[in-house]
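Kindly generate the complete structure, drawing on both the sequences and the hints.
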Amino acid sequence: MGSENVKTKTRSKRGKFAGMAKKADKYTLYQEAVQDPEHDVRLARRIFKKHFGRDPHLLREDFCGTFAVSCSWVHADGDKHAWGIDLDPEPLAWGREHNLSALTPEQQARVHLMQADVREAECEKVDVTCAFNFSYFLFKERRELRDYFAKARTTLRSEGMLMLDAYGGADAQRQMKERRDHDSFTYVWDQHRFDPIQHNAINRIHFEFPDGSQMKRAFEYDWRLWTLPELRDTLIEAGFSQVEVYWEGTDHETGEGNGIYHKAERAADDPAWVSYLVALL
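So the sequence shown is numbered by my numbering: it starts at 1 and just counts up by one.
Do not rely on the hints blindly, as some may be mistaken.
[As the list claims (entries may be wrong)] Cross-link-like lysine to aspartate or glutamate pairs, in silico, EDC-like; alpha carbons within 16 Å at most:
no.: 1; residue 1: K49; residue 2: D77
no.: 2; residue 1: K216; residue 2: D25
no.: 3; residue 1: K125; residue 2: E159
no.: 4; residue 1: K151; residue 2: D117
Calculated from the structure, these hints are not laboratory results.
Next comes the structure, spelled out in structure tokens:
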């Protein structure tokens, strides 16, 4: 979600595709199952302050979808503005109805939305530009990716940073389904296909419900699975002077990630990881 040219499709048929699935809202489910905008905002502010000694004020959220990060950004403090940019009008409209409306009128005035290609959209230069939920993986050629990073560089103030997330590991390169239970539904991450020559991944999100109904292919993504060394090299080629990787720590009792990210140059083998990259001018 929140990516240009990403297909979204919800099926609601008779039988097991009716019931709770028919009544459910795919964007509500996505935000509950996938996103944690408050965490993203806290981490961006912490890293920015570490580098520049002050709190950032202006955010640009590329591939913003329902722009939950932008709304969380302006909600965090009264002097912050956010620009949300996405090519798809559907999630933007949903975000206006559900996320923007939850803010006060004063906060709403500090969220600026644009339906546009992120490579062409112009707005005020910002402290932080972000592209989350692996949305930029839709650029499959290195030239396309470098051009986007070069554009993102021009959106920043002299003290500014580009922040991305990425995922990988051996498990990311195989066909598999992972289920995670929530209070009223089960989130299904479906790695439908992976091509090791092109490093192309077809991933889908489904939702399953206690009454046996399903929302199949609520979201579908056609991505190149970029590696961290490729991303770092391409960011440097695009003109950034420094690229940092923030690696998730491990809960020693469960062996799972603990949600705490720290700058790292090396990491132990991990079959399934999510990390952040921060590129500095």
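Tested hints:
| no. | hint | in the structure |
| --- | --- | --- |
| 1 | K49 <-> D77 | 15 Å, holds |
| 2 | K216 <-> D25 | 13 Å, holds |
| 3 | K125 <-> E159 | 10 Å, holds |
| 4 | K151 <-> D117 | 11 Å, holds |
Consistency note: the structure conflicts with none of the earlier hints.
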